[in-house]
Structure formats: C-alpha cells, structure tokens
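Note that our numbering numbers the sequence shown so that position 43 is 331, with each residue one more than the last.
These are calculated hints, taken from the structure and not from any lab test. Be careful, since some hints might not be right.
Said to hold, decoys possible - BS3-like mimics (lysine-lysine), calculated; alpha carbons at most 27 Å apart, straight line:
# : residue 1 : residue 2
1 : Lys545    : Lys467
2 : Lys428    : Lys463
3 : Lys350    : Lys426
4 : Lys350    : Lys467
5 : Lys350    : Lys463
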Amino acid sequence: MTHSKLRDVAERSGVSISTASRALNNRADVSPATRARVLRAAEELGYVPSSLAKGLWSGSTKTVGVVVTTISNPFYANVVTGIESVLDREAYNIVLNSSHEDPMRELRAVRLLLEQRVDGIILAPVASEPTAVEYLEKNKVPYVLVGRRARNVEVDHVVCDDYSIGALAAEHLIKRGHKRILFINSSQNYSAQLRQEGFCQTLLEAGIDQGPEWVRPVRIGQRVEEVLGAVLDEGLNPTAIFCFCDQMAIDAMRELKRRGVRIPDDIAVMGVDNLSVGEMLDPPLTTIDVQNSQMGIGSAQILLRKMQQHDGYSEQINLVPRLVERAST
C-alpha cells in the first residue's frame, strides 16, 4: 500500500508544499478558499500527516514517552491508566516501553523515545542513581519519575512515602505478635532501600534486633520462590514475611503452599501495592495501598506543567500509604 505524501496533496490542490502544510496545520496566513482546497485534496488522497513531521513544524509531537520496569505487573498498568486519564484530555499520545529491571535497556528506551521526539518522559527508574536521568538532564528533556525515586537528585517525582511503607508493615506485624519477620526486598532501587530503613528502624524501636539475614533481596534473574526456599532450607524459621510488592507476596504464598505451610497459621504474609488480585487469593492478601493510579495522575499533571511552562520549578509528591488488612496476616 502506497501512502500519500504532503507533496501529493500540494500537487492535487495546486499549491506549494509549504502552503499545503500551513493549511493542514490551520495557520492563519492561508485563505479560507485555499485551506478548503487543500483539505479536500488531503481527504481524496487519504493523506495522514506524520506526527513527527507535524512536531518539527509546531515544536510539539503531542507525544509522551512512558518507561516502566515491566508492563506485566498490574501495579504499572494502574499507573499508566492514571497517566492516560490526564494526557488524553490534553490530546497527548503515549509511547510505552519497559526496562525489565535492566538499566541499559532503560537507557536505550529513553534514547529511542528522544529520537522519536517525544515532548516529555515519565520514568519508573530501575536503579538508585539511574543513568537515564543523567541523559535526560543532559538533553534538557522534561521528565518526571513515578513510583520510584532517585538518590541524591532533586528531581520531579510522584511516589508513595517508602520509609512509611516499611514502618507501617513492621508496625502491623508487630501488633500481630510477630518477632521473626523476613523481609523479601527488591535489589537495586532507592525505594527498596527506604522501605528497608523504615522497616528495620521500627523493629529496633520495638526491641526486635534482627540480623541482616532477615532481609533478602531478589536480584535480577532470581525468583521469589528461589530466595524464600533458600531461607526456609537454612532453618531461619520466620513467623511472618513482608514482601516489597504484592507480586512478590503472591509468589511467596505459592512457595509456602507448595511446602505445605499454612497461611497465616504457620507464616503470615503481606505485600505492598493493593492490587485487585490480592482480594481473590486464598487467604486474601494483607497489603499496603500506595495510590498507584494517583501516582500516574500526579506524574502526568507535573509533566504537563513542565512541558507547557518551562519554569524550572521542581515538585516532589509523597503520597501517604494505607494499611489494607486481610486474612493473610
């Protein structure tokens, strides 16, 4: 199939290419009669203007790039839904990429989006000090971090208060009478570090001094079942498990059930994110609501301001976590 070009529209309507472009972009310096002739030619030819070409003319492609760690996690599906709800109203399109928790893939995704001339980027960073952020700063592209923050960088972000998430989880499990609590954490992002700090500090304040063996990161390429299985085989014998996210908690519950462990009678389990699937588990999963849709909404609102106003003002939003207690604890 041959696509009509702007040159074809110009020839059909008897005007120059630049006049045809101005007419299609509704510029005021084109007469109504000429504009009507160009629009009629475009319709007859089935001409579809290139968003990139329009962007080169107008200075905006009306496109925003979104880079998350994985699109298979419902957490990010909710975040992206929030982003779309804001950008749709402003007629922006979204180009979605995933990094798969790989910093180099993240950087490649950001570079590709800039080559496509997106107006801005919303990024869920993989690492604590993401190279992609340095690249965006160097290229002076408007961007906002969502879901995770970067260490030692005062940049726009919308996250849930990670320290409070860890503290809230510890408080809940302590109240349930637990003193041997395993924390299955993420491995390399700053949010994971802050959750660990809040969790461990709250345990210390309650007189529970656990060693480093009670915090187990799930590294790239590892499975939660593998990490938890190693802990149980070592004989660490936790009475409760706190997981960095609901998806990890679901995997942990699967491994416990495979081993015949009763939840919560033998070992309690809780996660973070408040995914809807958690309500349907057996038993339903205790979790912490982090307002994931609101993260998407807030990040899109900040990015729109940055793209439209260019004021240099930096904004950080830290949402308040909320305990959602169910039967798994």
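Hint-by-hint comparison with the structure:
The hinted pair formed by Lys545 and Lys467 meets the criterion: a straight-line CA distance of about 22 Å does not exceed 27 Å. With a CA separation close to 48 Å, the supplied pair Lys428 and Lys463 exceeds the 27 Å bound. Note on Lys350 and Lys426: the hinted pairing holds, with a Cα-Cα distance of about 22 Å set against a maximum of 27 Å. Of the pairs offered as hints, the one joining Lys350 and Lys467 is violated, with about 53 Å between alpha carbons and a cut-off of 27 Å exceeded.
Taking the CA atoms of Lys350 and Lys463, the gap is near 50 Å; set against the 27 Å cutoff, the hint is violated.
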